[in-house]
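Asker: Below are the chains, spelled out letter by letter.
Number of protein chains: 2
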Amino acid sequence: MITRIGENTLRFARGPWVAGWASSVGRKEKEGPLGALFDQCHEDTMLGADSWEQAESRLQAEAASLALRKAGVEKESLDCVFAGDLLNQCAASVFGLRELGAPYLGQYGACSTMAQTIGAASVFVESGAARRALAVTSSHFCSAERQFRLPLEYGGQRTPTAQWTATAAGAVVLSAEPPAGAASAVSVREVSFGRMVDLGVKDAANMGAAMAPAACRTLLGYFADTGLSPRDFGLILTGDLGAVGSDLLRGLLLREGCDISAVHNDGGLMLYDRKRQDVHAGGSGCGCSAAVLCSAVLGDLAAGRLGDVLFVGTGALMSLTTSQQGETIPGVAHLVRLGARSVPQG
Amino acid sequence: MITRIGENTLRFARGPWVAGWASSVGRKEKEGPLGALFDQCHEDTMLGADSWEQAESRLQAEAASLALRKAGVEKESLDCVFAGDLLNQCAASVFGLRELGAPYLGQYGACSTMAQTIGAASVFVESGAARRALAVTSSHFCSAERQFRLPLEYGGQRTPTAQWTATAAGAVVLSAEPPAGAASAVSVREVSFGRMVDLGVKDAANMGAAMAPAACRTLLGYFADTGLSPRDFGLILTGDLGAVGSDLLRGLLLREGCDISAVHNDGGLMLYDRKRQDVHAGGSGCGCSAAVLCSAVLGDLAAGRLGDVLFVGTGALMSLTTSQQGETIPGVAHLVRLGARSVPQG
Numbered sequence: 001m002i003t004r005i006g007e008n009t010l011r012f013a014r015g016p017w018v019a020g021w022a023s024s025v026g027r028k029e030k031e032g033p034l035g036a037l038f039d040q041c042h043e044d045t046m047l048g049a050d051s052w053e054q055a056e057s058r059l060q061a062e063a064a065s066l067a068l069r070k071a072g073v074e075k076e077s078l079d080c081v082f083a084g085d086l087l088n089q090c091a092a093s094v095f096g097l098r099e100l101g102a103p104y105l106g107q108y109g110a111c112s113t114m115a116q117t118i119g120a121a122s123v124f125v126e127s128g129a130a131r132r133a134l135a136v137t138s139s140h141f142c143s144a145e146r147q148f149r150l151p152l153e154y155g156g157q158r159t160p161t162a163q164w165t166a167t168a169a170g171a172v173v174l175s176a177e178p179p180a181g182a183a184s185a186v187s188v189r190e191v192s193f194g195r196m197v198d199l200g201v202k203d204a205a206n207m208g209a210a211m212a213p214a215a216c217r218t219l220l221g222y223f224a225d226t227g228l229s230p231r232d233f234g235l236i237l238t239g240d241l242g243a244v245g246s247d248l249l250r251g252l253l254l255r256e257g258c259d260i261s262a263v264h265n266d267g268g269l270m271l272y273d274r275k276r277q278d279v280h281a282g283g284s285g286c287g288c289s290a291a292v293l294c295s296a297v298l299g300d301l302a303a304g305r306l307g308d309v310l311f312v313g314t315g316a317l318m319s320l321t322t323s324q325q326g327e328t329i330p331g332v333a334h335l336v337r338l339g340a341r342s343v344p345q346g
Numbered sequence: 001m002i003t004r005i006g007e008n009t010l011r012f013a014r015g016p017w018v019a020g021w022a023s024s025v026g027r028k029e030k031e032g033p034l035g036a037l038f039d040q041c042h043e044d045t046m047l048g049a050d051s052w053e054q055a056e057s058r059l060q061a062e063a064a065s066l067a068l069r070k071a072g073v074e075k076e077s078l079d080c081v082f083a084g085d086l087l088n089q090c091a092a093s094v095f096g097l098r099e100l101g102a103p104y105l106g107q108y109g110a111c112s113t114m115a116q117t118i119g120a121a122s123v124f125v126e127s128g129a130a131r132r133a134l135a136v137t138s139s140h141f142c143s144a145e146r147q148f149r150l151p152l153e154y155g156g157q158r159t160p161t162a163q164w165t166a167t168a169a170g171a172v173v174l175s176a177e178p179p180a181g182a183a184s185a186v187s188v189r190e191v192s193f194g195r196m197v198d199l200g201v202k203d204a205a206n207m208g209a210a211m212a213p214a215a216c217r218t219l220l221g222y223f224a225d226t227g228l229s230p231r232d233f234g235l236i237l238t239g240d241l242g243a244v245g246s247d248l249l250r251g252l253l254l255r256e257g258c259d260i261s262a263v264h265n266d267g268g269l270m271l272y273d274r275k276r277q278d279v280h281a282g283g284s285g286c287g288c289s290a291a292v293l294c295s296a297v298l299g300d301l302a303a304g305r306l307g308d309v310l311f312v313g314t315g316a317l318m319s320l321t322t323s324q325q326g327e328t329i330p331g332v333a334h335l336v337r338l339g340a341r342s343v344p345q346g
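Sequence order for the protein chains is A and B.
Residues in the first sequence are numbered from 1 upward in steps of one, following the working numbering.
Residues in the second sequence are numbered from 1 upward in steps of one, following the working numbering.
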């Protein structure tokens, strides 16, 4: 059962179970601090495909297939798939998931896509519209660079506020049934879908600044709706604000009397070692927060090493065309609360 | 309450009410057979904006705003918006709906987007995740041509199988509450989200052929799930298969013993007069079936002039990049059953 709490938070009485999750990443992501936690790492950025776009599709197909296998769910028993990515017309998802054969609802939330797909899939599972649903997303450094910025061969300089698009995919299987044989498991407890916030940032090399106000609004709304505060959580994981956006978010919240610093981290800061790896303000791309969630975070939650997590996916809703036409960059942030709880026995 | 019927159909016990709908179109659409039925028509393809992309955003903003006004729903009371379009990163929706201020879930289903957004919004409303939701989409001939095909100034020749992207937007407001004071109203009764079907069509100038097999699969699945047949409906509205895809769909279904010819029509065939208006195989674009639905079809349903309608939105899930890389074109078709029913009184 779904109950609306306050202005904009959905609370799930049962809570869809996270039956399985998986991540698939490239070499640079493997060399980062979370390298040992990913399900699959690729030395070859092309994954043996003929183009970067096809490689990204393979990343997504792999993450989906691994998550299904870990969940013990056959693809034939999926009632729906929620997926999206940064490529024009969300092509990485289409061609990565075409073989799955499941009812397909393409989503577009830019880098907030992992939170949006989990949130939407959760509503479907909790309401009985689906018994099992898949949420999946990806990004690829090379396909994103050439689509949004410059040919890679050009070797363009990047500004200090720029973020590095992760070559990564993450997938989560949600189920109405708890995992068999487990004493406890992770479930989705609440969701708060975000509104667009646009404070006029136009710099496409500073997405963190464009997205931070949306994350601030979603978090403040959630705390107001639920009466909870940052100390009620083991981790508030934004993704992907990077260094610039994370600082801005913490500052914006502090001005409203909300201090998240003790429990906040950001997917864009967790995926890479900024001292050792040349990623400027941190990681970004749909696959960045997805891969962080679908490795370290869900692993820690499932193992009981982490209290409830607020996963706040953040997206910059621009395109190359709108930026070239002088438009500002609206941000959006979707919030998903994940927590381990006992599985009813018998 | 949502009940799963058969393999892949969702049945709504209450059924979200269609509280309002609206369409906004360009000059060519106004000159077509449905011209008198649209809420707003624009002589100026630019709508006074600085670019075609901005013009498309204005079309979408206008359709949304008119639908809300006709429904008597304030934008502040919308619990969520489901929207998408053909532009890269779904930019027409983002910039058209930014001012709405409602929780925003971007969708991508190519030309099936109107059915996908209505379907997803219906699940949210029926489950209590939203009390009022908006489903909206658009397309614009000029923004689509230059993004997917050729510069307009080039005056490229079009093949006979090509379809004409409609300059149009449509919006539907769904509500858990029936319209006040009405004896009967239209509600969403069933939804069947489609699977991708790819029979290997590569010709981006023949989208009808790429999408027809998906429409066939979704319709056959729906009839199998429900035990219903074409004669149970006043209209089966596909959109947008055009002349080529419509012929293929009827032929594919006939091979399976399913004859829809007595009740079938297609948004791409209804929007323009193919003898008088030079649109080759018919109309297309997210806005085409959306505008047909949000004018003639919903109007006839509400007035009791039409039995239940199966609205089968069809999408060709390709991008310029995937076509240039030699990929085939997966199709998808989402089905929404709409029907008038008595409003419970008192």
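Incorrect hints may have been included.
Which copy? The list can't say, so a pair holds if one copy fits it or any two copies do.
[To be verified] Below are the DMTMM-like pairs computed for lysine to aspartate or glutamate, each with C-alpha atoms no more than 20 Å apart in a straight line:
{"#": "1", "residue 1": "K275", "residue 2": "E7"}
{"#": "2", "residue 1": "K30", "residue 2": "E43"}
{"#": "3", "residue 1": "K75", "residue 2": "E177"}
{"#": "4", "residue 1": "K30", "residue 2": "D198"}
{"#": "5", "residue 1": "K75", "residue 2": "D198"}
{"#": "6", "residue 1": "K30", "residue 2": "E153"}
{"#": "7", "residue 1": "K30", "residue 2": "D259"}
Source of the hints: derived by calculation from the structure; they are not laboratory data.
Every value quoted in this text rests on a predicted model; they were computed, and no experiment measured them.
Asker: Now look at each hint and say whether the structure bears it out.
Answerer: Hints, one by one, checked against the model:
no., hint, verdict
1, K275 / E7, "neither (41 Å within a copy, 52 Å between copies)"
2, K30 / E43, "within (9 Å within a copy, 56 Å between copies)"
3, K75 / E177, "within (16 Å within a copy, 37 Å between copies)"
4, K30 / D198, "neither (34 Å within a copy, 34 Å between copies)"
5, K75 / D198, "between (39 Å within a copy, 18 Å between copies)"
6, K30 / E153, "neither (23 Å within a copy, 48 Å between copies)"
7, K30 / D259, "neither (32 Å within a copy, 55 Å between copies)"
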